[in-house]
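Residue numbers (the working numbering), protein chains in the order written: chain U, 1068 to 1420; chain E, 1068 to 1420; chain H, 1068 to 1420; chain G, 1068 to 1420.
Check before you lean on any hint, since a few could be wrong.
Any copy, or any two copies together, can satisfy a pair, since identical chains are not distinguished.
[As the list claims (entries may be wrong)] Only pairs whose alpha carbons sit at most 30 Å apart, straight line, appear in this in silico DSSO-like list of lysine-lysine:
| id | residue 1 | residue 2 |
| --- | --- | --- |
| 1 | K1113 | K1238 |
| 2 | K1146 | K1238 |
| 3 | K1146 | K1206 |
| 4 | K1099 | K1238 |
| 5 | K1099 | K1131 |
| 6 | K1299 | K1112 |
| 7 | K1238 | K1206 |
| 8 | K1131 | K1204 |
| 9 | K1112 | K1146 |
| 10 | K1287 | K1099 |
| 11 | K1200 | K1113 |
| 12 | K1299 | K1237 |
| 13 | K1200 | K1131 |
| 14 | K1238 | K1299 |
The set of hints was computed from the structure by calculation and includes no laboratory data.
4 protein chains.
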Amino acid sequence: MSSPQISVAVLGATGSVGQRFVALLDNHPWFKVVALAASDRSAGKKYAQATRWVLDTPMPDYAKDMIIVPANTNAVQAKIVFSALHTEIASELEPQFAQAGSAVCSNASAHRRDADVPLLLPEINADHIQLIKQQRKNKGWSGCIVTNPNCTSTGLTVALKALDDAFGVKKVFAVSLQALSGAGYPGVSSLDIMDNIIPNVGNGGEEEKVEWEPRKMLGKLNGGKIELADIKFSAHTNRVAVIDGHTVCASVALTNPADPQTAEAILRNFSAPESARNLPSSPRPVISLRDEADRPQPRLDRLTGNGMTTVVGRVRQDPILDLKFVTLSHNTIRGAAGASIYNAELLTHLDLL
Amino acid sequence: MSSPQISVAVLGATGSVGQRFVALLDNHPWFKVVALAASDRSAGKKYAQATRWVLDTPMPDYAKDMIIVPANTNAVQAKIVFSALHTEIASELEPQFAQAGSAVCSNASAHRRDADVPLLLPEINADHIQLIKQQRKNKGWSGCIVTNPNCTSTGLTVALKALDDAFGVKKVFAVSLQALSGAGYPGVSSLDIMDNIIPNVGNGGEEEKVEWEPRKMLGKLNGGKIELADIKFSAHTNRVAVIDGHTVCASVALTNPADPQTAEAILRNFSAPESARNLPSSPRPVISLRDEADRPQPRLDRLTGNGMTTVVGRVRQDPILDLKFVTLSHNTIRGAAGASIYNAELLTHLDLL
Amino acid sequence: MSSPQISVAVLGATGSVGQRFVALLDNHPWFKVVALAASDRSAGKKYAQATRWVLDTPMPDYAKDMIIVPANTNAVQAKIVFSALHTEIASELEPQFAQAGSAVCSNASAHRRDADVPLLLPEINADHIQLIKQQRKNKGWSGCIVTNPNCTSTGLTVALKALDDAFGVKKVFAVSLQALSGAGYPGVSSLDIMDNIIPNVGNGGEEEKVEWEPRKMLGKLNGGKIELADIKFSAHTNRVAVIDGHTVCASVALTNPADPQTAEAILRNFSAPESARNLPSSPRPVISLRDEADRPQPRLDRLTGNGMTTVVGRVRQDPILDLKFVTLSHNTIRGAAGASIYNAELLTHLDLL
Amino acid sequence: MSSPQISVAVLGATGSVGQRFVALLDNHPWFKVVALAASDRSAGKKYAQATRWVLDTPMPDYAKDMIIVPANTNAVQAKIVFSALHTEIASELEPQFAQAGSAVCSNASAHRRDADVPLLLPEINADHIQLIKQQRKNKGWSGCIVTNPNCTSTGLTVALKALDDAFGVKKVFAVSLQALSGAGYPGVSSLDIMDNIIPNVGNGGEEEKVEWEPRKMLGKLNGGKIELADIKFSAHTNRVAVIDGHTVCASVALTNPADPQTAEAILRNFSAPESARNLPSSPRPVISLRDEADRPQPRLDRLTGNGMTTVVGRVRQDPILDLKFVTLSHNTIRGAAGASIYNAELLTHLDLL
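Can you build the whole structure from these sequences, using the hints too?
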């Protein structure tokens, strides 16, 4: 597979997550971007004209002169379709693309809870990808829909997987400090966040996601369906004045309690399943375990492993449950666009397109 | 008591908490500032010259031309001595002032855990002030030492008191998002906090304080000593890019579980003990209960009740324990200088000077 | 004039400048708010419900339950009408109110350049108020329109007036560092300004205003019209991550060159014309001259004189022209709502309503 | 020159500019780091232990285990010595290294004004490098001292060079908005810059540098000495809440006035002298001319050309002089460590080591 031969498209390409897709797909070894789709307002314009670029790396050259097309199955024909659509639109459009034969790798929340749709972080539950066989049978699709979780769940769930495999996780308290880029552009007004925090994200919806999504990802695939993990979650979510990188403070109860040193070793040595280990976007390492007293920090650590690594630190005894720790994950790379691309790579690697 | 007649002094007057003392004592109805003390480096200079003023309200006129004196009992003679000293220095100097007959109202942590030193938030445990009788007996002092808690414990403990009285509190998870002014001046480097958070405060020491101090304040005074409240605490502390105002996300287990509406009513109607209710610095109200989905916010709410009120919001069911909520408290007013002044007012009101 | 008896209304009351009007009119000694007007979307709702309050002082009680009315002359009848409308709407509505007999004190730019409309900063050109006699004659109105300048021109022009009276000003270079609140709410996206500056405000329009408006205010009223001051301006405008307070770095050429010390004395001693000196919103002092090497600073100095004072510092020799200095002015108080209220007070004081 | 064979050392390697040297020298094609030197406090420790790393890219592996040595000529022997020392120390140590035979490429200001020391930006005045022949003759050194300018002068001077060559520059007004990293670490307190600007940098010293250094760089090398360019400068300097990237608003008078379009073409097409064009650190392009109305912006544009390119925008008519424009330059790359490395590459390329 020496030159990129698999056609891919981005739906919602002008938004902030769409931009991250466009950036991460630059020079991808397998994928060739054949279409950038956006709303009718942008369709027909060159990408460089229609897009207010907000990333601090320049817009890739390949994208600048591409003419934006409307987000429908006539205008967009690609083996893989990346979806950075808003939930309501995703809810309607993604099944149309799956029916038309595309593998839809979606960052939208619309189908995450569907029983036959994988909610995937390949480094922890690559086997859940097999759910698309059930999905194709149920829906009669030649394509499929594969989703990645909410950006706040992402890093937390990676750390929990390592602990769950080793000790069993029973209860999780999670308090997030989330970055501004998670709200899209223009997103959060500067007057709302300068010298301030907002102690709520998505009007409560974010907390529901963090309390449910990890249970699906940590669940077992059994007879064509996922059994949700039997773990209780309690989440508080906060928006803070950070550009990229979601931090989560977590306290967990374990079935077989472990001391911090043992847990650190488990976290440090955690590795992805064989199938997900050597893909272009595989996090290297899956978990970076920091032993400084004041890490991870978003500005310093969010780009670890090209933004795909989960950074964990401050593992210590919890006076009520068993362990306390802090996780950090880049919310628009590992937690959004990079996540969908990694999912697409897994589909490709396993010949499931 | 028509004009201020009680002499007071500020130790550590040039630092950021010291400045807050100087500002809050401007036009105080009872207290007259007779001395501003600081390190030998500043002694002998006018306050306006020696101080790099960092508050956004101007330096009071009364202070500008006062000559700074050294922080010792020869140079400082006052009925009440406010201490904004660093812990190690406070540890040594505060007893000297108590011995010399001053009522030391201290923001330092040095003596907070001493068995005969009250750790006081008058709106919740004004009765603990009686501990100074034991203290005077033990030490043979005519003065005394009275402390206020760590700024992060403050707002949390006020909210917990209301819930504990009504329902009994058994367990508390607390994650703080703390303001920069809590670290003093120059304190946190801008390069450490711009586009960033620091997931640790005081190298772990802050978490220990938050896990212990509320137990003393919520404890019972019995036979001249405090029985620590039987409540388990787990704390994570974070520094965020906020100038003033500490936010705490809390989850609590109750002896007699209550629904959020009932708890909100209890919080909204909480009032201070009679003796602490009508002092110049009494918070009015003690608790401001916000029902918007995204409050409290530090920039918008920290000055509620002149910075003495604890603001509580987002009271909701907790999926693991019983209730979740968010508290906000102004860390250099209610959580530091205002706290010591309120304590001094209680001493004065009860004729305990 | 012991209790407020003059009826006033605010047009555009829910926006960020409108909120500042509502806050500053709380307990005004002369003015009683009888109507708060906003767009049809808000009309009919209580002010507290329709408004996303963004100030860090609480919404005044008087306003909370007022029912918002539409911004037209049927719904709004008041002796004085404060306009926080957008330019295009102001252009149409303000003349209707003037015709209906209200004195329109406007923060909008729509009529600032009209030959018979005063552009007023009472502390420097109170005499320009007489232009409304010409205006009433021209238009046949019983009411009138009086405007205040753009927020960036404000502080700069006050400082220039003092220098112009003393030495004559010929040329002015001005580079602004403007606060976020000047863009309204939601205004500037947090992703556009965190760790960033935007080297342009209002897409060039702001620079035009700064290059023209001071010339009208520093001009002479002669025979019912203003002769623009013969001063050349060059302006660069920038948006920076500051909540309130516009800073301007200025270099000026003088007709009669002066050294910095002489200029400082002139600035320090500048006083308002008699008629504008003792009004409720008069700046006290008009100019605060700082002699520290690093002042004025927006966070520390913007509330000088309740936000009505112009703060000037760093007066020094300019290697090309004559003098360099820095001015600071609170952009939503002196530069917007406070400005219109001060204008209304001057009208009232001179019996020109 | 296939593998790095030239030995280099970094003096002041643990500070924020020193860290940038360490990062930029990772995988340098010509230079091999043989010593990292710092204060006695750090000497003897591993670099990873002694350094509080503040860059958002990870510490290079090569540096982590290097043992820090003291900054003297016994401990440090290298063909090229990069100096990130403080001025006073640089003043004393740099001549010692030059005497010992090292080419000292210095970011310190100590020797910038020395008549026989080149002040170099290779893309504009590579020929000034010849001044070291005079220097070696004067001092009897086998090594030499070569300096790069102050970070604020850098981008401005590059733009001025293009304009000066084409039209002649006579006068320059420059107002800077400077990043926090320019003050080193810990540098600016967060309490001094959050919601604030500081209208002065280096207590006036920065303005002097900006008013003098460009004159040397734009001057002519004639008979072994530099004739300062006959250009008048006026500078205001400000610190703003930006992590990296210095912005300068400039207005210039030209000998042969040009319209903005002509000037833009000149800026866009400016190229480095032949000798400085194809070095590893050569900016590509030298100048990036932006035509959007709101660029350059530090967060979006500072990494143009790997942080070595000067970004210019908003070229427009100036109402008093001839042209106005905005420049942006990465202050710790082009304006500090990258500058010294580029200078060293020029020395190497010209066989002047």
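Structure-based check of all given hints:
1. Taking identical chains as interchangeable, the C-alpha atoms of K1113 and K1238 are never at most 30 Å apart, the minima being 50 Å within one chain and 41 Å between chains.
2. In this assembly of identical chains, K1146 and K1238 lie within 30 Å of each other by CA distance neither inside one copy nor across copies; the values are 40 Å within and 53 Å between.
3. Proximity of K1146 and K1206 under a CA criterion of 30 Å is satisfied intra-copy only: 18 Å inside one chain copy versus 69 Å between copies.
4. For the identical chains of this complex, K1099 and K1238 are neighbours neither inside a copy (43 Å) nor across copies (52 Å), given an alpha-carbon limit of 30 Å.
5. In this homomeric assembly, K1099 and K1131 come within 30 Å of each other (Cα to Cα) only inside a single copy, at 15 Å, whereas the closest approach across copies is 38 Å.
6. For the homomeric pair K1299 and K1112, neither the shortest alpha-carbon distance inside one copy (48 Å) nor that between copies (42 Å) is at most 30 Å.
7. Taking identical chains as interchangeable, the C-alpha atoms of K1238 and K1206 are never at most 30 Å apart, the minima being 35 Å within one chain and 48 Å between chains.
8. Taking identical chains as interchangeable, the C-alpha atoms of K1131 and K1204 are never at most 30 Å apart, the minima being 40 Å within one chain and 54 Å between chains.
9. In this homomeric assembly, K1112 and K1146 come within 30 Å of each other (Cα to Cα) only inside a single copy, at 24 Å, whereas the closest approach across copies is 52 Å.
10. For a Cα distance limit of 30 Å, the shortest separation of K1287 from K1099 qualifies neither inside one copy, at 34 Å, nor across copies, at 52 Å.
11. Taking identical chains as interchangeable, the C-alpha atoms of K1200 and K1113 are never at most 30 Å apart, the minima being 38 Å within one chain and 54 Å between chains.
12. Taking the closest pair of Cα atoms, K1299 and K1237 come within 30 Å of each other both inside a single copy (6 Å) and across two copies (19 Å).
13. With identical chains, the CA atoms of K1200 and K1131 are never at most 30 Å apart, being 37 Å at best within one copy and 48 Å at best between copies.
14. In this homomeric assembly, K1238 and K1299 come within 30 Å of each other (Cα to Cα) both inside a single copy, at 5 Å, and across copies, at 17 Å.
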